[in-house]
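Those protein sequences? They're chains A and B, same order as listed. All residue numbers for the first sequence refer to our numbering, where the first residue is 1 and numbers rise by one. All residue numbers for the second sequence refer to our numbering, where the first residue is 1 and numbers rise by one.
Quick caveat, the hints were computed from the structure, so don't treat them as lab data. In this text the structure is predicted, and so the values were computed from the model without any measurement. No residue lacks a Cβ here, since even glycine has one placed at the ideal position from N, Cα and C. A couple of the hints might just be wrong.
Stretch by stretch, here's where chain A covers chain B in the computed footprint (C-beta under 8 angstroms, at least three residues) [said to hold, decoys possible]:
#: 1; stretch: 136 to 149
#: 2; stretch: 187 to 198
Beyond 10 angstroms from chain B on every Cβ pair, some chain A residues (computed) [claimed, not checked]:
#: 3; residue: Val61
#: 4; residue: Gly77
#: 5; residue: Gln140
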Amino acid sequence: MLPSYEELSAWLPDLLSGLSISLQVTVLSLLIGIPFGLLLALGVLAKNRLTKVIALFLVEVGRGAPALVLLQFIYFGLPTSGLTLGSFTAAVIALAWNTGAYTSEIIRASLQSIPHGQREAAVAIGLNRLDALRYVLLPQGLRVALPALLAFSILIFQGTSLCFTIALPELVSRAYEIGSNTFRYFPALLAAGVLYASISIPAALLVSHVEKRAGSYAQR
Amino acid sequence: MDGAVLHLGSGKPTMTEDDTLAARGVPSAKGQARKPLIKLDRLSKHYGNHTVLDGIDLEVMPGEVLAIIGPSGSGKSTLLRCINYLEPPDGGHVSIGDISLNAAAPAGRSELSTLRRSVGMVFQSFNLFPHMTVLRNVSLAQERVLGRSRKSADERSMQLLKRVGLADKAEQYPGRCSGGQQQRIAIARALALDPEVMLFDEPTSALDPELGLEVLAVMRELAETGMTMIVVTHEMSFAENVSDTVMIMADGKIIEKGPSADVMRNPQQERTKRFLRAVHDR
Chain A
1 MLPSYEELSA WLPDLLSGLS ISLQVTVLSL LIGIPFGLLL ALGVLAKNRL
51 TKVIALFLVE VGRGAPALVL LQFIYFGLPT SGLTLGSFTA AVIALAWNTG
101 AYTSEIIRAS LQSIPHGQRE AAVAIGLNRL DALRYVLLPQ GLRVALPALL
151 AFSILIFQGT SLCFTIALPE LVSRAYEIGS NTFRYFPALL AAGVLYASIS
201 IPAALLVSHV EKRAGSYAQR
Chain B
1 MDGAVLHLGS GKPTMTEDDT LAARGVPSAK GQARKPLIKL DRLSKHYGNH
51 TVLDGIDLEV MPGEVLAIIG PSGSGKSTLL RCINYLEPPD GGHVSIGDIS
101 LNAAAPAGRS ELSTLRRSVG MVFQSFNLFP HMTVLRNVSL AQERVLGRSR
151 KSADERSMQL LKRVGLADKA EQYPGRCSGG QQQRIAIARA LALDPEVMLF
201 DEPTSALDPE LGLEVLAVMR ELAETGMTMI VVTHEMSFAE NVSDTVMIMA
251 DGKIIEKGPS ADVMRNPQQE RTKRFLRAVH DR
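Throw the hints in and build the complete structure from the sequences for me.
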């Protein structure tokens, strides 16, 4: 059942390059997705009707559709309307959208959790809206949101495995490929699982550490 | 309109406001026509069908300290919050110095910004920014609103913190300060824009009596420098001893207003008598 040492050393270069692609997709999706989520959160909270409707639409589609469907839609669906994207780009777009949609809700809830008096105080000392957001609300809101954002980042890392359906050579694709070449599916997927865990578990420990630290300041 | 300070039949003012101000050592510009610094005209505010402010007319002279007392739900806090447009009134006029806002027209951003620069506000729950040091709390608006450099803002902040007796807390975070200290920092933060008027919304209600005293001491000092102040309070001794004028509100209306000694010791209105009796019996 377990892969032998020879097998492992033969597979590892492939698996590691797959892991590297998984991580690249994760990092890019988060770098694009979280700022996008912030914009969507502000959009949803905006007073302007049109802004609000557009933001709500993007959030609801991004959250309502499974990440797998978004991926397939962008990779296989868009070409029929004339837009063809590589699997890497399609993966980043789909997961960034998914990230944006979910993190916008995390960020919105965090912003709304800030006591109302904070905004009032910011207004009363004459700060304009942007400054109130930048200096008073966001620093506090993001501190509240940070643990949830990090936890979500781990989910997105695991979600990159869905990209094997659009032929992106990430970790699961590589393991699957090894399996189909050697008929050693179980050992290959097991090795891939261990690699996922080697990132996810330390990351989860980091999250709980950050959560404790963020909590230590939670008093007015 | 000048001089029409006493609105609702408090009967016989024994002492004019000029006299009270003079008694406190506030220079009153005798000879020139004294213009009120704050003037509210038929200010009203509704939440749905509920009338919170029912056509408030009010004038406050420069250097005057006005205490607003009254039962809870009488509209005292809302009145304060309408003065700096934290809650826009839905009828009437607010004018402060050169700024004049009509509730019927939506207020422009630059008007509101000028208004808030001229009006400092102190909240019941302090509302300091917990993620910034005390010094940053006081300096932030000076940099972002007045455009001061960080260095000159911090210098001014240190002066203000010294004035409220908290210079040694400058590098602390608000969470490490007592409630009384936090409220004094909030006063310094409000003073940082060099406002013409200071509004206090029950500044000592969230504090135990001892900590309340240190805040009241700072407010008394501020009054002695000639700052124009409107204080919503349940501290009857402040209303009686520090303020020049006392105004009683109930159900969104001004019940009685006049020199503090008169109103507190010799109220004319039945509603005022009832309120004061209830407070004293506590």
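How the hints compare with the structure:
Look at the stretch 136 to 149 of chain B against chain A: 4 of its residues bring a Cβ nearer than 8 angstroms to a Cβ of that chain, three or more, so the hint holds. Under the rule that three or more residues need a Cβ within less than 8 angstroms of chain A, the assignment of the stretch 187 to 198 of chain B holds, with 4 such residues. Val61/A, annotated as away from the interface, keeps every beta carbon of chain B farther than 10 angstroms; the closest lies near 34 angstroms. For Gly77/A, the non-interface assignment is confirmed: its Cβ lies about 44 angstroms from the closest Cβ of chain B, beyond the 10 angstroms cut-off.
A cut-off of 10 angstroms between C-beta atoms contradicts the statement that Gln140/A is not in contact with chain B; the least separation is 6 angstroms.
Figure legend: structure checked against the earlier numbered hints; the only hint not met is number 5.
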